[in-house]
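K.L.:
Sequence:
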Amino acid sequence: MPKSLPVSRYYDVQRDEAGQRFIRVNVTGLALLQNPLLNKTTAFTPQERRELDLEGLVPPHTSTFEEQKERTYLRYLKCGSDLEKHEYLRALQDRNEVLFYAILEDHLEEMLPIIYTPTVGEAVRNYSSNYRYPRGFTVSTGDIDRVDDMLENVTVNDVRMIVATDSSAILGIGDQGFGGMAISIGKLSLYTAAGGVGPDKTLPVELDVGTNRQDLIDDPLYLGVHHQRLTGAEYDEFLDAFVEAVSHRYPKAIIQWEDFSRGTAFRVLERYRRVVPSFNDDIQGTGAMALAGLMRAAQIKGERLEEQVFVIVGAGAAGIGVAMAIRQGLMTWGGLSFADANARVFVVDRHGLLMHGQPDLEEQQLSFVRRPEDLAGWTYEGEYPGMHDVLVNARATALLGFTGVPGLFRQESIEAMLVNTPRPIVFPLSNPSSHVEARPADVIHWTQGGAIVASGSPFPDVEYDGQRHPIGQGNNAFIFPGLGFGAIASRAREITDTMVMEAARTLAEFTAQYGERVYPPISDLRELSIQVAVNVALQSIRDGVCAERRIRNMTRDELEQVIRGRAWEPRYLPLRKG
178 MPKSLPVSRY YDVQRDEAGQ RFIRVNVTGL ALLQNPLLNK TTAFTPQERR
228 ELDLEGLVPP HTSTFEEQKE RTYLRYLKCG SDLEKHEYLR ALQDRNEVLF
278 YAILEDHLEE MLPIIYTPTV GEAVRNYSSN YRYPRGFTVS TGDIDRVDDM
328 LENVTVNDVR MIVATDSSAI LGIGDQGFGG MAISIGKLSL YTAAGGVGPD
378 KTLPVELDVG TNRQDLIDDP LYLGVHHQRL TGAEYDEFLD AFVEAVSHRY
428 PKAIIQWEDF SRGTAFRVLE RYRRVVPSFN DDIQGTGAMA LAGLMRAAQI
478 KGERLEEQVF VIVGAGAAGI GVAMAIRQGL MTWGGLSFAD ANARVFVVDR
528 HGLLMHGQPD LEEQQLSFVR RPEDLAGWTY EGEYPGMHDV LVNARATALL
578 GFTGVPGLFR QESIEAMLVN TPRPIVFPLS NPSSHVEARP ADVIHWTQGG
628 AIVASGSPFP DVEYDGQRHP IGQGNNAFIF PGLGFGAIAS RAREITDTMV
678 MEAARTLAEF TAQYGERVYP PISDLRELSI QVAVNVALQS IRDGVCAERR
728 IRNMTRDELE QVIRGRAWEP RYLPLRKG
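Its first residue numbered 178, the sequence shown is counted upward by one per residue in the working numbering.
Since the hints were derived computationally from the structure, they do not count as laboratory data. We put the beta carbon where it would ideally sit given N, CA and C, even for glycine. Each hint should be verified, as a subset may be incorrect.
Unchecked claim - So the derived label-pair ranges between C-beta atoms look like this:
hint, residue 1, residue 2, range
1, ARG733, ASN389, 45 to 51 Å
2, VAL546, ASP283, 45 to 51 Å
3, GLN391, LYS754, 50 to 56 Å
4, LEU750, ALA268, 20 to 26 Å
5, GLU286, ARG201, 32 to 38 Å
6, LEU398, HIS425, 49 to 55 Å
7, THR732, ASP396, 56 to 62 Å
8, ASP396, TYR691, 22 to 28 Å
To be verified - For lysine-lysine, the following DSBU-like pairs were computed, each having C-alpha atoms within a straight-line distance of at most 35 Å:
hint, residue 1, residue 2
9, LYS262, LYS246
10, LYS429, LYS754
11, LYS246, LYS754
Working from the sequences, and respecting the hints, build out all of it.
P.N.:
This is the structure in structure tokens:
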């Protein structure tokens, strides 16, 4: 059997005679201090300082890990704006990854909105002007013929999770060109902090195919390629070359496709999901997250999922992904036929209800299109029923928003839902918080405390009539870290739809312990991700896509023990000179 490659060209993780893990390093002195995966800053022991040529390069006091965390957190609290906090944490990650993840794990609920949505949106906008340190892998249109050679420049040898974006549809802010790299970095931070994937097993990727933003093209400080986006066959050839090279360099890697424009997102997912194990978080992660919240909301009402009627506003990747997940959930757990499940899901875009003959319909939208005969007895004005018309005529009990249009859910529409149900489910899930379709406090007041509300960004719980109404945060972080870690643990050859549905079911069941919450607190994200990973891995075995033979016959308890044992934890390992 050929000897396995070291973790990195700069170091390897090994075990001593007693079975304890340590790191054997091939660099010393300043080069070691400049490697964030090795750097302990002030925590190097006296022996490590002598052996690794660090004496005189770091302060004389040897700090404990707790002292480092205290000093770092106090400095974090001095940051003024959320963007400043984001930049501070990113700078910390760039110099000491173990300390970064320890701080993040200790303060996950506080820091999640800082390192990810909504603050990451500002970081994306300012990525070129605030650029400070190389992180991740970028392949651009001028390099695609050499991507195999370029991947050899990546210093880690066993990447298991890649987040790749072409930055064409970032959050609610659209085409951001090279700035989308911040999204890939942020997502992978959560794979480590919440999902237990080691940071040296992750690779953020920017697929720089250009930008259609003329202001970026004309900006001399913009760091991406300065031309319009590739399209059509050229775009497909670009991604083909990338996928082929990644599969060769990292044959065990899973790719999460991130923030692709809606038509491209579905096409890329279908083109590659059986070529390389991959999924699209905007489609499948958002779908699973929303479905889990709807399942919980129905339980809180004392009803079943299949008793609800759903209106989804926004027909992009997220909206259609959620519509597909709801339909699948109604079939899987509600026992409905495809036609009956489809009849309970209504999708509205900027023209109105998706209707036969409507302009600009895309392939993934077609199964949700209604014909005029489907609307017998409806009353509405205009060529297509608008959102309010659909809520009234369909007798909707659940309304979800993925439009990025602030204030779209008006009082009259929310109040109209009270005719259909005393407890409407209202999920304005657009990010960032400035783009939310309705403020949760307004929805609670418009429904006299009856609504069950979740939003995409964090909002405080609402006090109304002497009662506290929890506002769930519908965050994809409840799904993707565990889904990815479970797929890694099972070495899944494909990420199946049933694996994604299992992640949704696990999230809904996990949340049930928190009373009338539709999502759990962020502080419990690590434990949730473990449970999602275990159930996803089990589903991969049932689906016949598990390539990891050692887990195929394990009980659930045995598999959970294995996955907990594999989860990376932020702690310093002893360093020894190679």
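K.L.:
So which of the earlier hints does this model not fit?
P.N.:
Per hint list: 6, 8 violated.
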